[in-house]
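Colleague: So you can see what is in the structure, the chains are spelled out below.
Protein chains: 2
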Amino acid sequence: MKLQQIIKQHRLELLFQQGLFGFEKESQRVYADGSVVITEHPKTFGNRSYHPYIQTDFAESQLELITPPNKKIEDSLRWLSAIHEVVLRTIPDNEYIFPMSMPAGLPSAAQIKVAQLDNPEDVAYREHLVKSYGKNKQMVSGIHYNFQLDAELVKTLFNAQNEIQSEVEFQNNLYLKIAKNFLRYQWVLLYLLSASPMVDDDYFKHGVPEDLSPIVRSLRSSEYGYVNAPDVNVSFDNINTYVESLEHCVSTGKLIAEKEFYSNVRLKGAKKARDFLQTGIQYLEFRLFDLNPFDPYGISLNDAKFIHYFILLMAWLDETATQDDAELGKARLYEVALEDPFTSTAYAEEGELLLIALLDMLKELGVEQTVIEIVQEKLTQFAQPNKTLCARLVDEIIKFGGYQQLGAKLAKQYKAQAFERFYALSAFDNMELSTQALLFDVIQKGIKTEILDENDQFLCLQHGEHIEYVKNGNMTSHDSYISPLIMENKVVTKKVLAKAGFNVPQSLEFTSLEQAIASYALFENRAVVIKPKSTNYGLGITIFQQGVQNPDDFAKALEIAFREDKEVMVEDYLVGTEYRFFVLGDETLAVLLRVPANVVGDGERTVAELVAHKNNHPLRGDGSRTPLKRIALGEIEQLQLKEQGMDIFSTPAQGQIVQLRANSNISTGGDSIDVTDEMHPSYKALAVGIAKAMGASVCGVDLIIPDLTKPAELNLQSWGVIEANFNPMMMMHIFPYQGKSRRLTLNVIKMLFPELKI
Amino acid sequence: MKLQQIIKQHRLELLFQQGLFGFEKESQRVYADGSVVITEHPKTFGNRSYHPYIQTDFAESQLELITPPNKKIEDSLRWLSAIHEVVLRTIPDNEYIFPMSMPAGLPSAAQIKVAQLDNPEDVAYREHLVKSYGKNKQMVSGIHYNFQLDAELVKTLFNAQNEIQSEVEFQNNLYLKIAKNFLRYQWVLLYLLSASPMVDDDYFKHGVPEDLSPIVRSLRSSEYGYVNAPDVNVSFDNINTYVESLEHCVSTGKLIAEKEFYSNVRLKGAKKARDFLQTGIQYLEFRLFDLNPFDPYGISLNDAKFIHYFILLMAWLDETATQDDAELGKARLYEVALEDPFTSTAYAEEGELLLIALLDMLKELGVEQTVIEIVQEKLTQFAQPNKTLCARLVDEIIKFGGYQQLGAKLAKQYKAQAFERFYALSAFDNMELSTQALLFDVIQKGIKTEILDENDQFLCLQHGEHIEYVKNGNMTSHDSYISPLIMENKVVTKKVLAKAGFNVPQSLEFTSLEQAIASYALFENRAVVIKPKSTNYGLGITIFQQGVQNPDDFAKALEIAFREDKEVMVEDYLVGTEYRFFVLGDETLAVLLRVPANVVGDGERTVAELVAHKNNHPLRGDGSRTPLKRIALGEIEQLQLKEQGMDIFSTPAQGQIVQLRANSNISTGGDSIDVTDEMHPSYKALAVGIAKAMGASVCGVDLIIPDLTKPAELNLQSWGVIEANFNPMMMMHIFPYQGKSRRLTLNVIKMLFPELKI
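Heads up: the protein sequence lines correspond to chains F and C, in order. Going by the UniProt record's numbering, the letters in the first sequence line up with residues 1 to 758, in that order. Going by the UniProt record's numbering, the letters in the second sequence line up with residues 1 to 758, in that order.
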């Protein structure tokens, strides 16, 4: 099969580069000194019987983090990052993730607890492994790289040839070609990417092997790593020999199960190897890779791209390795694994030729320059072994006095990084913070999630057969279509709420400025708000807190409102404090007081200094990337200061509250203060009733309340409802400036998936 | 109580003019000759046991049309118009609504059927009336005018005085003042507005009374009308005497029930008069008014306004009529009723003085000039009796050779008018046609409806305690919030549908023009559509029906699409015809083929002439006021003609189809053709499944199908789904250009109110 030729002839260059990518990354939870923990897998991570992202590998201490398959390798790395951030923020304060493949500070065998999975067979399998390999070898960690060719590519290639009549057979042959060529040339990747040069002495059950150098390229991939016994021989020659030889190993007891076959390439996509005969190999799992300790999540994007094109080269090459070639490759792998990382490899020339072939392929495919540069850089490492990852790692280990020390240092550094913006998920930071918070929770609790549209904040959540869609964090199937439409329209909202018997300020609507101005008499001396019917940003609103005093002010306010909308409301103004009630289902989950931007004097610092200090708060930032916003010192704020007889250089007295804004919006630097526990329950019940009247499952209800400690009464003096909001903000409740955090995204998940009993 | 003074002092001028207005209009269904029908009340009008709008009064033939209360009198008249249009379009082809108060062509007493209401008591009451008054008098019709003062006005007036301590008492006194003054001066309204000058001889049970002139002002309000026996004396002096005297009439058998008291003013708002002592009179019903035959619906807006201010004058006047004054007023009414309409009334001076007082009041209140002009015009009628409504009516009757003849002519004219735009409701023509169609159906079926927001097409429907909100005709609580959000996003829609196993064209999305252009090879020779991700109006779409042939065309199409959106899709193009499936719940209710604007040649007329002829179709118009649109002959159409080697002056051959557009949108003159019955059921089932996958109860599904007669298969060659639309258009199904009409709005109502079993 001349793959190159078909690709060029049918212009399949782009399709050839497409596919699906996924990672499975093992790593040990460790204490601050880098020693492996003896605690159980944290219960907060939902249920391992279905968790798609956070599992345990061999031991309770050994995390296995799994990304969903993605079309873009960048997305798989983003998922890997997100899953790491979730794990690092969830594990106990004194625990970390060890960034190296070889474990350090191993507990005694008695203390290493096999992963306590629900399925007894899974536990029994692990107990078997203990017997065959010992516990220590099981504690070695790596990162597995899954790759699937684009299905359309495989189909097109099949149609473009006529040697093979069966599509399944064609597909099996294609994947087997990649597998065999990979086995043949895998040592090249080991040379470039290995990172397990050493291990603690106590790793070895029977003492340190005498002929082992203190520093090698990869202990993990060597005969001292976690590898099958030498008598496990499986043929990759063709799919039939593969199935038969693998089944033979199991039937003769050399392997307890097919999955015990630890080849650096695994054929994937079926429960039993024999199924490949019917359904075909679906994808390949490459298990060669040590954790890269210099990357917080075990693999860098450049290396991941390099591996992708290396795998493609295995398909691209004209020749297909034989089983003998594969065995030769395995032998070279073992050999190179135990080489001194600072010396040149014995097979440098073969490595260089292969990378030159890779560069040729990249040119033929028209691959972007950045990828070519990655390969060119790797090529230079054959002449300069000290530039390989392993050599650089050894340099660092020496600098830090030991690999456990370096590992501990990096583990702590990566955990600290994961907390830098603790309210966000770095990898999904182009999405809204509330969607990031929801993603955090679904990853933590193990709900299978697909990002349907990143720009549109559209997620598909799935548990078993149960599918739920979520947009903007809390727009779901649990709300009815009509309820946001009601809430969008203030006039309709008020009519609906009044009909349901809630305290609604009276209002009149006007469609003509003249008619509105002529109605002055109706409002004289009444405290009213004049506002456009349908803007939502506070534009065009005038408040007559002390009552309308003269026709001119009244007319002016109306003019301002009519600039924003063709319908304007004049509404009773309620005296009291505005609170935001976050209602979900039958419960008010959070109540928030929003306070206009302000600083409190200390008798020493100026307003400008106090603002700068307050703006340093980790929750504050600009734009939409933080839950709270920095206080500006623009015209509006300076005007506000002036009204209080101050400017930005004034020094307010100790305890003096300086207002910097009249409006309480969080978006203009306001403070969010959680008062859920202080609020009298009668108002919380009212908010639930209001949400129900709107037909809403998730609703932000704004009530004006003069005294939150007194029970609600049935009159506008006791309370009044200002507005009901669909898709209410969640971040201000989750990360308030003061008071208790309310993890509302978790409640959204509970609402959607009650069967999970989270 | 000096009401004028309080109003001026407290600037209540506007509040005084506010209130609630409602009409109850009786009229006979008649045949083309004006004679009363002997058919039953049509079953299509839902159930009279709850119908809020369309009832029967005394007889089966006698419609009683009831408007809901409205704050604006204009709205009550709009409702009256809408209810009439519904009735006129629903009654049998050979039936009409008689526009005069006095019936003509009365059937024999045996054929006059008392209204067959569900409640046996209601039927028994009518049988009693037959005995007391005879059937003929019961057939007289009028229009009742209900008016309620603004509740806040009553409260403010109460607080501004200190003569009366109880608010209920104050309210009763206020309404009684209006009632008594009205009784005193009602003859003025009769003089100006009466319209029952004559009647058929056979109206009189015992022959035409000897002393009755052949032409009078108002037979209906005279002693020959439908009035209580002279011994029914009820005192309006105060609320206690009213209750006692009314109860006395009932207990002594002069009246069978309180409701048999036919005063021209009725106190309203309680089931029993005695309740007024506790709860107060809520509003007044004025029953004086004859039908105005010159208005299609029995009363003109100007007269309705005039009556409103006349009623207000009854409150405004300093003096309050005594019971004796009221009796005097009644006597004058009877006298004026039998005057010759062409002569001056005996009490002209009193009438003029009263209208001058009314004009004074209007000035004090600052009422708009148009109202003042209405009153001034009425004032002149005292000097010119031939300008009164009654005199003008007599003139017309003479011209047409009899009042039955004139009535029949007007009845036919009004029915024809009601059919002029049969797809609309004239009174609500500022709303969308689909909302008008829905309003038609709820009025017909008797679902209580409130227009919450006219500009926003927001309705509140209610039956018993069951409330439903509807926006834009079919946006309801039956749809989930997430489903329109899914449908709004083409990428998400496709992912969801593909996940659910439907035939979806494959596509790739691009966010960069360069990247998209670079993907040319993926699409070469493939039939594709290039379109912006989220526009809905066909903008920026290019179709490569024969496959992408060269990179330049491909790049150009991408550029056009990127002008409309920052994300662009390249999607498989499906071969076949596009059909719109309207799905509601578990059923595809309608399937439509949309054909691009076209004309069919006749070998004689030019394209321009054919277009002009086709545009004459009653369903076609411009803008949104018709279900179909006129074909334009603009640049695009002329270009389309040019491609066919024609221009607008070409004469296409007999049967030759001339395309005037490439796109099939109804909005650019396309034809809508109902193919519901032709479509193979398998596609209808698919459309239902697609709607379900989107979580939608109401959904417009666009399928491409090569052959609608062949059953659907599971591949893109058999069918493919293009789009799913929320809030799908209904008018094109309800009023298609060709094929059967599908009354979808009725299905929306059935969905919302299954309990009605419509």
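These aren't lab readings, by the way, just hints derived from the structure by calculation. Only a predicted model underlies this, so the values are computations on that prediction, with no experimental measurement involved. Hints may contain errors.
Heads up, the list lumps identical chains together, so a pair's fine if it works in one copy or across two of them.
In silico lysine-lysine, DSS-like type, Cα no more than 30 Å apart, as pairs [to be verified]:
| no. | residue 1 | residue 2 |
| --- | --- | --- |
| 1 | Lys387 | Lys642 |
| 2 | Lys495 | Lys448 |
| 3 | Lys155 | Lys409 |
| 4 | Lys499 | Lys8 |
| 5 | Lys750 | Lys692 |
| 6 | Lys72 | Lys363 |
| 7 | Lys692 | Lys757 |
Colleague: Determine for every hint whether it applies to the structure shown.
Modeller: Evaluation of the provided hints:
In this assembly of identical chains, the alpha carbons of Lys387 and Lys642 never lie at most 30 Å apart, being 63 Å within a copy and 70 Å across copies at closest. For the identical chains of this complex, Lys495 and Lys448 are inter-copy neighbours only, at 15 Å across copies versus 41 Å inside a copy, given an alpha-carbon limit of 30 Å. Taking the shortest Cα distances, Lys155 and Lys409 never come within 30 Å of each other, neither inside one copy (49 Å) nor across copies (77 Å). Proximity of Lys499 and Lys8 under a CA criterion of 30 Å is satisfied in neither setting, with 71 Å inside one chain copy and 33 Å between copies.
With identical chains, the CA atoms of Lys750 and Lys692 are at most 30 Å apart both within one copy (19 Å) and between copies (24 Å). In this assembly of identical chains, Lys72 and Lys363 lie within 30 Å of each other by CA distance solely inside one copy; the values are 21 Å within and 78 Å between copies. For a Cα distance limit of 30 Å, the shortest separation of Lys692 from Lys757 qualifies both inside one copy, at 24 Å, and across copies, at 27 Å.
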